[in-house]
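The task is simple: from the sequences and hints, build the whole structure.
Sequence order for the protein chains is A and B. Reading the first sequence from the start, the letters are residues 1 to 293 in the working numbering. Reading the second sequence from the start, the letters are residues 1 to 325 in the working numbering.
In case anyone wonders, no lab produced these hints; they're calculated from the structure. None of the values given here were measured: they were computed from a predicted structure. Worth double-checking, as some hints may not be accurate.
Have a look at the derived ranges for each label pair, beta carbon to beta carbon [stated by the list, open to error]:
#	chain 1	residue 1	chain 2	residue 2	range
1	A	V32	B	P229	24 to 32 Å
2	A	R193	B	L46	36 to 44 Å
3	A	P110	B	V263	26 to 34 Å
Chain B side only, calculated, beta carbon under 10 Å to chain A, not exhaustive [to be verified]:
#	residue
4	A128
5	T194
6	P205
7	E249
8	L293
9	I294
10	G309
Going by beta-carbon spacing under 8 Å, a handful of chain A positions derived as facing chain B [as the list claims (entries may be wrong)]:
#	residue
11	W55
12	Y100
13	Y104
14	M121
15	G184
16	R186
17	A212
18	T218
19	S243
20	F247
No residue lacks a Cβ here, since even glycine has one placed at the ideal position from N, Cα and C.
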Amino acid sequence: MSMSVDDLTRPRGNARSIRDAAATTLMAASVVAVMIPLVMVLVYVIRQGSALFGWHFLTSDIPTTRSRGGGMGPAVAGTLLITGFASLLAIPLGVMGGIYLNEYGRNSRPARILRVLSDVMTGVPSIVMGLFIYTFLVLRTQALSGFAGALALAALMLPVVIRATEEMLRLVPDDLRLGSLALGSRRSTTIMRVVLPAALPGIISGALLALARAAGETAPLLFVIGITTTTNWSLSGTNTALSVQIFRNATQPFEGAQQRAWAAALTLILIAFAFTIIARLVSAALTRRSGAT
Amino acid sequence: MTDSMPHQVDILLVDPDRHGVASDRAFRYISTAAGFSVLALLALVLISTTGAAWPAFSGQGLGFLTSTTWDVPNNEFGALAFAYGTLVVSLIALVLAVPVSIGISLYITEVAPHRLRKPVIYSIDLLATIPSVVYGLWGVRVFAPWIDTRYETVAGWFDSIPVLNTLFNGRPVSGVSFMTAGIIVGIMITPIITSLTREVFATVPSSLREGAYALGATRWEMIRGAVFPHSRGGITAAVMIGLGRAMGETIAVALVIGSSSVVTARLFNPGDAMASIIANQFGESTGEYRAALIGLGVVLFFITFLINGLARVWINNGRRKAGVT
Chain A
1 MSMSVDDLTR PRGNARSIRD AAATTLMAAS VVAVMIPLVM VLVYVIRQGS
51 ALFGWHFLTS DIPTTRSRGG GMGPAVAGTL LITGFASLLA IPLGVMGGIY
101 LNEYGRNSRP ARILRVLSDV MTGVPSIVMG LFIYTFLVLR TQALSGFAGA
151 LALAALMLPV VIRATEEMLR LVPDDLRLGS LALGSRRSTT IMRVVLPAAL
201 PGIISGALLA LARAAGETAP LLFVIGITTT TNWSLSGTNT ALSVQIFRNA
251 TQPFEGAQQR AWAAALTLIL IAFAFTIIAR LVSAALTRRS GAT
Chain B
1 MTDSMPHQVD ILLVDPDRHG VASDRAFRYI STAAGFSVLA LLALVLISTT
51 GAAWPAFSGQ GLGFLTSTTW DVPNNEFGAL AFAYGTLVVS LIALVLAVPV
101 SIGISLYITE VAPHRLRKPV IYSIDLLATI PSVVYGLWGV RVFAPWIDTR
151 YETVAGWFDS IPVLNTLFNG RPVSGVSFMT AGIIVGIMIT PIITSLTREV
201 FATVPSSLRE GAYALGATRW EMIRGAVFPH SRGGITAAVM IGLGRAMGET
251 IAVALVIGSS SVVTARLFNP GDAMASIIAN QFGESTGEYR AALIGLGVVL
301 FFITFLINGL ARVWINNGRR KAGVT
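So this is what it looks like as structure tokens:
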């Protein structure tokens, strides 16, 4: 039998090839190992959550803990309101910050320090941001509100958006900037009309991913938004959110409360997944439209 | 001068635009201010939380960090038991998550056929999209009751082995324990460690891989001889960032750790961790009690900041080195 390349690179039947096969099996097994909890969590949330999930659940008021049925309308409204306003605060500021890091700061010392600082801030526990807004705002104004919750989520999102924006701006080739400047455009015009549009798909997708993350956060909201059982579309006054409702109902001994927790979990996962999918679609669509890159 | 061209480009892009019109300058100032907002945020977080925690720091003195007594009626607040809980849960999570994450990363970068890569990556990302509180709900309602009786079986296996018979022992309360919290957190930090190590493995030059294969190495020998030595720093940084995440994990841990402020080596016993006790007790606290809980947050902030800072500096140094060679 003649030797093929395969025989040379993949020796069979000896200790070395057995070790190689064992290692490969372990790698594939790790993938399977992590799929098990993923599937289990999703299956349980869908199975337990779909019992109550529906239009009525999404819109009606939160009943007392002991009663069955009812809905999570106020929590759905709270989650959308709080994360929506948080994005309104964090995304423009974060994009501008990313512009500073990549377009003005580049490799200067302050930019390098701010870059590391942003990275480090993305790892700060989210409950610290909750404590921050509690001590900074709630203690002073003596008022729990959706606004305070939005501030806490915005503080959490800001470093993520800054770094995501910077990474995307870095991919824009310098030729585009030089071309625009050579035509006599100002720096700000170059950035707003040439650089930013080129990086937009990535920036939007990064911002939406940060938003999806923020929508699921519980710890920053726990002490700063208070509680309500009726829908409050205002940034002032106490509010509630899906994540907080799940946390409060998870350890309740009453079946109705647990059922609402599961259905709220299903709603929250659907919201988070929706933002994630939209992020991918937006970036795919805009990339296709703008041609290459 | 051969390097004058890139040098000039650099000046064009970095130097302040002195002759710019007002709007141009305003844009620059606004974006600079936005860039420094992270620094302002950091300063505000530090000042505001430390200030609010001060009554507890000055009231308890060094005992806040060295005492294990958390006695609310007697105003005695020692954080050590919770720091211990945080450490134990994080270590369990790392022991479970790190090998699995490295395995997944290697599978994606070295083994998987091209059309399988994207689906595997998306599934891991999906795992990261599931909110912490949903893991907590699943943990306390499904996983803890399931694993409750199995802890006894496992304890039986290690009954006669010293050290291990202490570690793998204890009495969980309907399944909630250090171990349950560690397993859940392990699942939660797997996506972040996976994506960081995957990035590290992807930077290994293919010349190293080809060289190892050309010497007749099997894939595993190539990974051990070429991929791992090149990735050591990156893997360490990924583990540290995972550790930081695990320590800060609040809501899921609060639901499955069992709320008991006892220092014990028995991993199947209920305990409590720094982040989870803040979530569980903040609502009912007042005065110095509340200040002590905020103090736990400040300590947590310092620890995670330090760990993440070291890891990031490490990563950046590694990148610079890789860029030079």
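So, going through the hints one by one against the coordinates:
1. V32(A) to P229(B): 24 to 32 Å: 28 Å, holds
2. R193(A) to L46(B): 36 to 44 Å: 39 Å, holds
3. P110(A) to V263(B): 26 to 34 Å: 44 Å, violated
4. A128: With a closest approach of 8 Å, the A128(B) hint holds.
5. T194: Hint on T194(B): holds, closest Cβ of chain A at ~8 Å, below 10 Å.
6. P205: Violated, about 19 Å.
7. E249: Nearest chain A Cβ about 8 Å off; hint holds.
8. L293: Given a least distance of 8 Å, the restraint on L293(B) holds.
9. I294: Cβ of I294(B) sits 5 Å from chain A, so the hint holds.
10. G309: 5 Å, holds
11. W55: It is violated, given that the least Cβ distance between W55(A) and chain B is near 22 Å, above 8 Å.
12. Y100: Holds, about 3 Å.
13. Y104: For Y104(A), the interface hint holds, since the closest Cβ of chain B sits about 6 Å away, which is under 8 Å.
14. M121: 6 Å, holds
15. G184: Violated - the Cβ of G184(A) stays beyond 8 Å from chain B, reaching only about 12 Å at its closest.
16. R186: 4 Å, holds
17. A212: 6 Å, holds
18. T218: Result: holds, 4 Å to nearest chain B Cβ.
19. S243: Since the shortest Cβ distance to chain B is 5 Å, the answer is holds.
20. F247: Holds: closest Cβ of chain B sits about 5 Å from F247(A), inside 8 Å.
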